[in-house]
Structures are given as C-alpha cells and as structure tokens.
Amino acid sequence: MKKIIVSVLFLSLFLVPAGPVAAQEDEGESSFSLNGYVKLQSGVFVPLLSDLFQEHESKNWEKRYRAQDRTWRQYNPRRTCDPAMTPTRPCFPDDHGQEAGSLSMFRATLQLEADWTPSETFNLHAMFRGVRSLKLAADQWAQPPEISKSGDAGVRHAYNQNFAHGHYNETEIRELYLDAYPTDWLSFRLGRQQVTWGETGQFRLLDVINPIDSTWHFASLESFEDIRVPLWLAKAMIEFQSIDHMLELVWVPGIDKPEDMVTTPLTFVGAWGIPPTDTPSPYNIEKKVFAYPDNSIEDTMRAGFRWKGNMPGLNNMTYSLVYYWTHQISPPIPSYFDRKPRPEGVGYSDTDLTALYLTFPRQHIVGFTVDYTLENPIGMVLKLEAAVEPNRTFPRRSDTLYKRIDTNPGFEQRVHFDPKQKPVLSYALVAMRPTMIRWLNPTQNFMLVFQFMHTYIGEFDDKTCFGPPGEVKACTEDKNDLVNVPGYNDWLIKEHSFTLVFATFTQYLHGMLTPKLVVAYLPPYDSGKDDWGAAFISASLAVRLGPYWRMRLQINDFFGYDPYKSVGLFRDRDEINLSILCQF
Amino acid sequence: MMRKTTRIALTGALAAALLLPAATARAEEITSDNWTEKVGFKPEANPPGFKKGKKIKSSNVGEVKALLPPSMVKLINEYGLKMKLNEYQPIHPSEGYIEATNKYLGQTKIIKTGKDFRKRGLKGYTAGLPFPSPKTGLEVAWNLHYSYQGDDGDIYYTVYWVSANSGIEHTEDWRWAYIIRTINRTDLDPKPAIKEFVDKRLQYTSITYALAPYDKKGFGAVFSRSVDPLDQQGHIYVPAMRRVLRNTFGTRGDAWNATDLLYEDVRGYMGYPEWMNWKIIGKKTILMPFHCGAVPGKKNHKKVYDLDKKPYWNPKIKYEPRPTYIVEATPRFPDYPYSKMHIYIDAETYLIGYKEAFDKKGDLWKFLMVGYSESPDMDELPPVFGAHLVIDFQAQHATVFGLNKVIMNSDLDTKMFSLSALRKRGR
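Just so you know, the protein sequences line up as chains A and B, in that order. Just so you know, the first sequence maps onto residues 1 to 584 in this note's numbering. Just so you know, the second sequence maps onto residues 1001 to 1427 in this note's numbering.
Keep in mind that the hints are not guaranteed to be accurate.
[To be verified] To list a few chain B residues with every Cβ distance to chain A over 12 Å, as calculated:
#1 Thr1031
#2 Ser1133
#3 Gly1253
[Unchecked claim] SDA-like, lysine to any residue: derived pairs with alpha carbons at most 20 Å apart:
#4 B/Lys1216 x A/Trp251
#5 B/Lys1115 x A/Pro377
#6 B/Lys1216 x A/Ala542
#7 B/Lys1216 x A/Arg339
#8 B/Lys1424 x A/Glu225
#9 A/Lys516 x B/Lys1123
#10 B/Lys1216 x A/Ile580
#11 B/Lys1115 x A/Asn123
#12 B/Lys1216 x A/Asn35
#13 B/Lys1424 x A/Trp251
#14 B/Lys1283 x B/Asp1306
#15 B/Lys1424 x A/Ser102
The set of hints was computed from the structure by calculation and includes no laboratory data. A virtual CB, placed ideally from N, CA and C, is assigned to each residue, including glycine.
Based on the sequences and whatever the hints tell you, model everything.
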C-alpha cells in the first residue's frame, strides 16, 4: 500500500506542470503528456491440435538410486508420487500436464506514463505499473528456492502457489529517466530505463542489457517492452554527423535490487514455468541460494558500447558493432553446495545439502548487426545479427562426477561443481518483406518475416579430467556432462542447434482488425529416432474498438516430442487467452 | 567608298541585331505579375454558371457541371456536398522560385528511358519550374514534381477514419516535418542545394511520428527519397519493440497507416513522373479548392469538414475557377492497384486539386481532394496546406486530414532527419 501511495504521489508531481503548460502548444506537441491504460488479461489451458485435443497427464514415479551405476530404478510394482514432495521422496515425472480449463493467467494491469519536456534540452519520463493477479492452480508446480518442510503434499502445493503468486503482483515506478541534450551531438539518458540493442525480434542475441521477467506468460508471446526488467543505468549517445554514425555508451552500476539484475528463473512459477525435472537431483537440498550480483559496484557493474551507422556510400545498409561486459543473466548456474554435517558429528553427508548455490558468472559479449534493403521488385530487408560469447558458462548435470571438495580451512563442507566455460557463436538471419497478396487483402500488405538462428558451441569435444594430484584422472566428455538447463540431465548441450521462425500479420477494415500468425520450429535434441523436435504456433486477432478500447484473442499451441526438452517443456500449455485494454 | 546613308542603315541594322535578343529576353522574363500567362494559362474569369458567392448543391450542380470532375458532381448529387464559390485570385510562387525559373530556363531536358522506370528521366534541372507552358503530359508531371511548395515544412495534423454510414471510426494525431527541397532549393540557404544531400543524391527527407493515441504514440519513421525514381529508404521506430528498424517502403499500392491513402497519394501524387505514362486530356477552367478558407487548428476541423452529418467527410471550403491541366496517368508497372488516374493539376501552381483513381476494371474507385489556403506572403511562402481527403467510393469510406498547425520554410535543421534523432525520440 505504501508503495502505491508513494508512486501515485510521485506521478502527481508531473501534473503540477501540466496545468500551466496544458494550454501551450495544443495544436502541436504538448510539453507535458500523461497517458496510460488498464488491461485485463485472462487465459485458460486447453489441449489443442498438438495434443489431439487430449489432456497431457502428469505421470510421476517413485524410484530408488543405485550408486554403482548412477541409475534410478523403478519399484516393482510401480509407485506413484508427487514431485512436490521431492526431495523428501524422490519423484520422477514421465510427463507433465495442466488441467484443461484451468487458468493460465488472470491479471489486471494499470500503467501510467508521463513525459515532461520543459525545454529543448531536457525531457523527464516516468512510467508506473501496477499489476494484480489471481492465484493460479497451475502454480502449485512452482519450485521455490526454499521448499516447504510439510509432509503434506497439499500444504506444499499451496506453499508453491503462494510463492509464485508473489512474483506476479507488482507496484513500481517501472521507468524514470532524464534525457539531456547539452549539444546537438551529445545526449544522455540517466535513470531507470530499457536499452535495446540488436535487430532480431524473437532472438535476444544482442538484446542483453535488460533481463526479462517472463514468469507470467511464454516470453515469445508478449512484447519485450512489457517483459524486460528496466535497470538503473547511464547512457550516452555521441553523434558523428559528418559520417552519419553514432556511439552509444552504457554503464549499469548495479544499484537495482539484486534479483532484478538477472532474468527471473522460470522455476519460480508453475503456470508458465518449467516443470519439475524428470531427472531429480541425487541430493536432498534444503534450499537453493540464488547468488545474484550484489555487494559492491565492482561485482555488479556492467558496461558496454554500440557503434552504429549507415555504411559509407550505401544509403540502404546499416551496421552496428557491440561489446558488453556483463553477467550471464540466464540460466542460473549451480556452482557449489554446502553439505549437511552428519548426525554423528563427524564429516558431512553425501546426499543432504544445507544449500545449493546458483551463480550468475561474468561474461563478455561481442557482436555485430548488418541490415540491408533490397529494392523492388525484391523489396525486402535482410538482417544479420551475430553474437560471440567467448566465455559462456554451462551447468553440469546434477549427478556429475566432476566435483571437488573445497580445501580452504573452514569450508570443508563445500563442494564445487566447477561449471565449464565454452565459446559460443550465435547468429540470426532475418528477411522481412511487405507483400501484397491481393486476393487475401486487396488494400493492405502482409508483412512476412522469416528468421533463422544457429548456435554453435565451440570446444564441444573437450573433456574434463579430475582427480587428486598425482593420481590417474577420470575424464568426462563435456558433451555428456554439460546441460542446457540445470537439473535437466537428459537435455545435454548440442554442438549445433537451430531455430526457424515465420511470422506474418496484416490489417483489415482500415486497421480495425489485425490478424497475426507466428510459427516456430526447433529441430530435435536426439531423444531417439522418432524425435521430430519441438514447435509452437500462435495465432492472434487484435481488434481496435474506437480510440480507447483494444482487444486481443490469442490461441497458442505448443508441440514437443520430448516433454523435458526445448519447447516440449510447454507442450501441455496450449492456451486460449483474451486481453482487453482501455487506454487514455 | 560607302555612302553615308548606307553606313547609317548598316549601323542601325547591326544595332538592332544586337539589341533585339536583349529586348526579346526582357520581354520573355517571368515575373510575379506575368507568372500565370508565362507558365500556364489564365482561367475563364466568369465561366458559364459561375457567380461569386454562389452556393452549388444538387439542385443547381448542372449549371457548373462542365467546371467539375465527375467525382465532384457525384459527391454533390449523392452525398450532399455543397460548394461555395469564390472569384479567381492569381497565385505566384516566391521570388526565389521565380528567379530560379528564369535563371535555369531552357536547361531542363527530358530523357527517354524506354521501359526502365527506375532510371531518371530528366537532365539539366537545377531549380524552379522546369517546363513553363508545358506541351506534354510528362512536362506537366515534372512541373508537378518540382512545383513550388517551399523548401521545407512542418505539419501537425489529425487523421480521421470515416465511414459514410457510421461516422468517425478512429483518429490519430501525427507530426510530419520534411525538407522537400534538399537540393533544388529556391527560398532557403544554402541555395541551390545542401551539400550532404547532393553527395547522397537525395532530394527529400522527412521525419514523421504519431502523437496520439497512446498505443500509437511514439511510432515514427525517418525516410528519404532519391533523385532517381527508386523506392523510399528509411527506418521506423516501433515503441513496443523499443527498436529502430530498417524498413522498405517499396510495396506498390500499399496503404499508408491502414487509411484509404496509398503512399503515393499524399498530396495527390508523390510518386515519380517516371513511374507513369502521362497524357494531357484536358486544359480548361475547373472549380478547385484554392484560397479555400481553411484555417489550421484542431478547433477548426468541424469548420473545414462536416464531421457530424452523413457522409461525415464533406468539406465546407471555398472553390474558385482555376486554370487546370487534366492529365491521365497510367502506371508503367503491372502491380499498381490503380489502372489509371485522372489528375487535375492547377496550371499556376502545378499543385493537385483533385485526383480520380480507377481500379483494374476501370471503375471509379477513389477521389482525392487537396485544398490550399492563401499564402501569408506569396513572395516568400507557398499556399498553406488547408484540407486533404481521400474517399473510397467502393468501400463507402474516407480518410480525412485535419490540419492543426502548418509551418513552411522554417529552415529545419537537417539533424532532425537522422537515425539518432529517431532513436532519441523513442522511449
């Protein structure tokens, strides 16, 4: 409540100049503006074509661990279990399913945005957002960092639901920054803001400054503007007008809340989070500690630059060069854990942990973009975006043999995973073409967008060898020990991975109706010869009703051969959702 | 020995031979006083059926039918349009434009480009009116292309989407700032060209962005047009993505912003002469909306258009007899949505007053009207853009532009039209 009052009072300060300036420039641009909207979004899970209109069922089996061959064995006869009781009773899901008709989301958003331009050299911008959401039954599958100790599954599910619900509700000054233009070639933007680099829509190769919070809906289905987490940062733009270029410098001191510095882990929620893994950890973990960047500016700060301009002599080609020094904002990397002391008082347990620590290691990102316009009759824009991460950190399997006990005095309980760093190259090619398909729409074009992304992991065949000094070492092939998402031991990294996306939209009735279609396909991760991969299809219809009302109906269908890899993690999240917005 | 009388006669003949071209040249010089006769033709001052102050409606439109395009007659008979007539008032361009027309007179030549409509079809043009007293439709088209519109402009306007049956469906507020003469300048220094645009072969640059409603606010574009008849080049800023994206504007027949207006329909026709075949099909007096009496300002929109009564788009402006070239334009590329256009081009200003566009079957599809109010100072500024509407007769729908603020020749800073300017404007 306090936050709401403070935020409203703050925004009302903008209304003070509104009075005297409202009468000015009423035929042109006002020096003050206040806009906003109220939005209601609601969705239900409904099995669609990908599921042949049948619900997926959650199938969870109790197993026991055999250390000699590192395997888990079914009981005979099979015993069902509840993953919420993990790790107390290790539970192995074969599949996960949401109940048809259960809510996928139900949230109300109030957003207010104000701009004040007292002179040509200054502009002040503020955005407030308040969100309230209902509790969702699907959030019972959330995996909080600290699990409930209750022996009752129902109590645990309720605890998980409450934890997830806390993530949805929001009351904050989302953006607050000052634009200053001291000269015509130098400008600054200081404050809480979003900075967007990169050219490709679906892939965040160089859109690396702001983390995202996609806990409330599948990330690709919401505008990045809404899911990026604004950060307090300083940005300077230096223009070199004689050569038609600009240099953008960004410094993030890291004074935000530590959890805002990284992408919100999708284990924190259930409805749009990742389900409990089918390869539970062999450890009983009391709590997971997310070691967000914190402490000092040296630990938290990030910085980078972007050099951008038109290619000399070519009006139809633009390029940019990017460098950013940051933290790896997703996924969190299990780095070490603290073992529980044995009850008998000597030594430490091999299976019980007081805490598992997940960190966000430092990394460099270097990249470039090029975009080029091809004239009619081709009439297309081509884009290339590439990012090199020379030191991306990959988590190890939860049952990895590659561990080492900390030898520092006082830290004997600590065991390090030592996750591995590898160079990663990702690039995306995009082709965008406005195309008249007159028999489908005689008056408005279809925007056709094709995107292809390739990620290559270097040093893929490396091995990691471990063992005490002077002894024969055991070696593990990285490709069999490094995973994409911590805890998903079967979702190993691949040397090459691809994503293809097609999107199109057009408008009818003079912009009143905007249908849109997005199709994404991800080739298989080798779950077997039948594995055809994963995909999603999203079809939506946006409706404009007069100057104030907007509506959007969206149908989203997720496909996946393997329910524990790639988009298959969401294959039970087929959904129909509706949003209604009133703007002013 | 030459006789004295012969010497005198020879001297006189020699002097006449030397002085005659100068005298002729002085007689041919175009001025603001003789502009109309020299570059076009005078209209009939009192054509049949015309009377100053007369109101034309469906009951008496027959009296002035010969002075109107068929679409205007249709609007009067079927849609209740009323016209208030005014007497003809001559219009001349700025002193700088007239000076440039005289200075570069005769230097501009048309180049035959055959089937290649992407090749520039003009050479030797520097500034001013390229073809005073044009002989062909193509010369009229080039005069339209380089008509006097000032060197830059800054316009704030409201767009109304209007249904003939239900009225205003939607509105948006926009700003459009442009340098229409980055080269070929006549009013503002540097003349005749801004060097950086000469190097890039760009003749026009602009920035446009939406001011309202909220979901559109901030959407903007910077784009420029080449000297050569190529697609526009530019970038757009998309607020939802927080990105500046390169865009292609080359789709033929694409409507601007889901309106009834194609990109090339702005101000009647903003495409290139090379893209059409041009033929003069009429040279006569037409009642057109010049000195139309429209005053910019949001509170004046309902004085300019009848937005409250069916069909909710009728302009309430004045019309006067204007010397007019009626030109038929047929597209040179197959994927253009119009099979032909009849364009009514004022022979004094070479601005478009009306345009009729026909679909592929040859049926009347759209009607465009552009109205101009009086220039505040004809020696320095062009006529003020007063009214613009596009009516889709087949869809019973129109796009109406209400002008809020119009500033011409304000010497806009070229830095306004850069990628970084677009980016700085964004959230």
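Taking the hints in turn, this is what the structure says about them:
1. Thr1031: The claim holds: threonine 1031 of chain B sits with its nearest Cβ about 36 Å from chain A, beyond 12 Å.
2. Ser1133: At roughly 35 Å from the nearest Cβ of chain A, serine 1133 of chain B sits farther out than 12 Å, so the non-interface label holds.
3. Gly1253: It is violated; glycine 1253 of chain B is separated from chain A by about 6 Å at its closest Cβ, not greater than 12 Å.
4. B/Lys1216 x A/Trp251: With a Cα-Cα distance of about 30 Å, the restraint between lysine 1216 of chain B and tryptophan 251 of chain A is violated, given a limit of 20 Å.
5. B/Lys1115 x A/Pro377: Holds, at about 15 Å.
6. B/Lys1216 x A/Ala542: holds, 14 Å
7. B/Lys1216 x A/Arg339: violated, 56 Å
8. B/Lys1424 x A/Glu225: holds, 17 Å
9. A/Lys516 x B/Lys1123: violated, 46 Å
10. B/Lys1216 x A/Ile580: holds, 17 Å
11. B/Lys1115 x A/Asn123: violated, 52 Å
12. B/Lys1216 x A/Asn35: Distance of about 11 Å is within 20 Å: holds.
13. B/Lys1424 x A/Trp251: Holds. Lysine 1424 of chain B to tryptophan 251 of chain A sits at ~18 Å (cutoff 20 Å).
14. B/Lys1283 x B/Asp1306: violated, 31 Å
15. B/Lys1424 x A/Ser102: Status violated; Cα separation ~44 Å.
Taken one by one, the earlier hints fail for this structure at numbers 3, 4, 7, 9, 11, 14, 15, listed in ascending order.
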